[in-house]
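Given next are the chains, with one letter for each unit.
There are 2 protein chains.
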Amino acid sequence: VSEPASWRGDLLVIGTGLVGTSVGLAATRAGARVLLHDVDERRLDRAVALGAGERWPGPDRDAARLVLVAVPPRHTGGVLIDSLQRNLGETISHTCSVQLLPQREIEAAGLLDDRFVGSHPIAGRETSGPDGASPDLFADRTWAVCPTTATGAAAIAAVESLASACGAAPVRLDPQHHDEVLGRVSHLPQLVASALAATIAELAPADSALAGAGLRDSTRLADSDPELWAQIVAANAPVLAAALPTVTAPLEALAAELAGGSPQRAHDAVRALIETGRRGRQLLPGKHGRPAARWSSVLVVIPDQPGGLAAVFAAAAEESINIEDLRLEHAAGHPVGVLELWLRQGEEDRLIAALRERGWTATSGAAGS
Amino acid sequence: VSEPASWRGDLLVIGTGLVGTSVGLAATRAGARVLLHDVDERRLDRAVALGAGERWPGPDRDAARLVLVAVPPRHTGGVLIDSLQRNLGETISHTCSVQLLPQREIEAAGLLDDRFVGSHPIAGRETSGPDGASPDLFADRTWAVCPTTATGAAAIAAVESLASACGAAPVRLDPQHHDEVLGRVSHLPQLVASALAATIAELAPADSALAGAGLRDSTRLADSDPELWAQIVAANAPVLAAALPTVTAPLEALAAELAGGSPQRAHDAVRALIETGRRGRQLLPGKHGRPAARWSSVLVVIPDQPGGLAAVFAAAAEESINIEDLRLEHAAGHPVGVLELWLRQGEEDRLIAALRERGWTATSGAAGS
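Chains as they are written, first to last, in our numbering: chain L, 1 to 369; chain Z, 1001 to 1369.
The reader is advised that the hints may include incorrect statements.
[Stated by the list, open to error] Using C-beta positions, here's what the derived DEER-type ranges look like:
hint	chain 1	residue 1	chain 2	residue 2	range
1	Z	E1318	L	R172	21 to 29 Å
2	L	A256	Z	G1359	54 to 62 Å
3	L	G110	Z	G1261	19 to 27 Å
4	Z	D1040	L	D349	20 to 28 Å
5	L	R172	Z	T1246	57 to 65 Å
None of these hints come from the bench; they were simulated from the model. Note that CB positions come from ideal geometry on N, CA and C, so glycine has one too.
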């Protein structure tokens, strides 16, 4: 991690929840002097105790080089306006998942100038609060930096160097484009996962027990915090009002076709939808942003006891085979699971042989990208 | 695995795709004599070569005790009718994901009697063909057994003992109830995942690169085989025509609320949806069908090289900590990943300490069930 230059290690973080505390921990580790502020004294104490920085003595001291507002979406605009009015820093930024709304609130207050730049570290978590914080929360993540037409070069440089100091990759995005894309790849999947999970609530327990890993994967996002997401989606309401029909309209058209009574037309409609979905999946980023590679999977039966997984990964390591992705599947009633390991295509036979040699039950799984 | 009693190890499998070949491999391993048949000679040769059984010499020999039809949904009814007409076995069953349609086809042909029982080994895979087959495909899985009102006790016993011989847990279900529940927990998530993945196809590559693990998890099912799923959904059309609106209607109502311009109403609508989704998620089966336990997660930064994962699991094994679930997250641009390990609540501090002692970067993650 290089020396933070343009913000000179002088950072005020307002809001010591998961993101603010994690930024404090990462910036402190990078050698910065971090000041922390929160309206909730207990949360602030906790962040200080975790080592995320020291208490901000208040606006009477010199302005910080960089102020980062990391409060819930609903309060982001107000705290930014207050920070700009009180001139708390040379650069004023935030971490909100939505960019346009706080920017418009600042503009409406007549305060949009070269000091302000929006930003958004894209590190989704299904948790909140300082106790979930980590200096590594942003390692290997994209940190969107979203200048307005008024933003100065120094403000952009300050936030980009903070992002780098936190281990993230800063990516510059137009604020409106940010909201549209995040609406599609983050907020929309959240709502769809919740709507799908909500249908499970209607089932009898014996029936929901028939659900497998597919439904579990599909609804994982549905564990997210209701209040946080209510604020994010409300702040990005126009984008999601337009995006939701891109999912619901094809499904409603399909439902009409299925109700229509022609098996062949129903078949063709489903087939077309699934083929389009496969094309979409192939556009998801390959690992580490590399061009799409082909992967193969290996299935291994794992007993449900400590050490079962360790032996499998040790065998892969001994063969110098890199595991690209993994998934553990359990089903009701039996004390074993099946581990699916994804490898670069062509390595699966070597891993299967190595595992069988060591007494494991291993077979070839799916191929995909 | 106990000795297969009621079908006396005498099995004819018609259809040597993924499921038929896997049943052949499992039954052969359990000591059965397995005969195989397929209209595709190459696929049949492949299944025989894999050790799933021997070629069926044709209908002139004695009838098999148990005939299992494992062909695509579209052909299931026809092959069952043919098997019943030619009296190929004492019990005639199948493995189709949909129960009512083949049953009605048999009924319409006037052949519904005590020999027929529907069945469905619930082992979803995103692959097909004999080369993906495994004798462990059904280990730890539910195998639905769906008698009609005409089915005899011997037929039920035959299929249940085959399921057990394959390592699965047989569960008796009314055929219509089977189709309704599988429609909700399997076919509906497939369509929703495909519809969500289809929206990615509209994005520019630079934009889809901003997608994270959440969207990847939510759309994993979208990799499935279009033709197979077109046949499954068409065969279960009435159930899905009714089930799709349970997902689309709440999302359309939400879109209307988001377009309405009241931030507070938008907020409340999203919050209600996400809270209902969380309740649904909590009804998903706990691991091994145990009552829901509380889990905690630990996040570990993993370098992208062989052996990285092995050392983490070795540390857990040394501490006798069982890993209940796991997920590997990658993001664009950086050659490391973050591994999320799920443990029984209360064990996370011990694992974090053990990992830090060994030089790993480990922090506390989310809590959930």
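(message) So, against the hints stated earlier in the document, which numbers end up violated here?
(response) 1, 5
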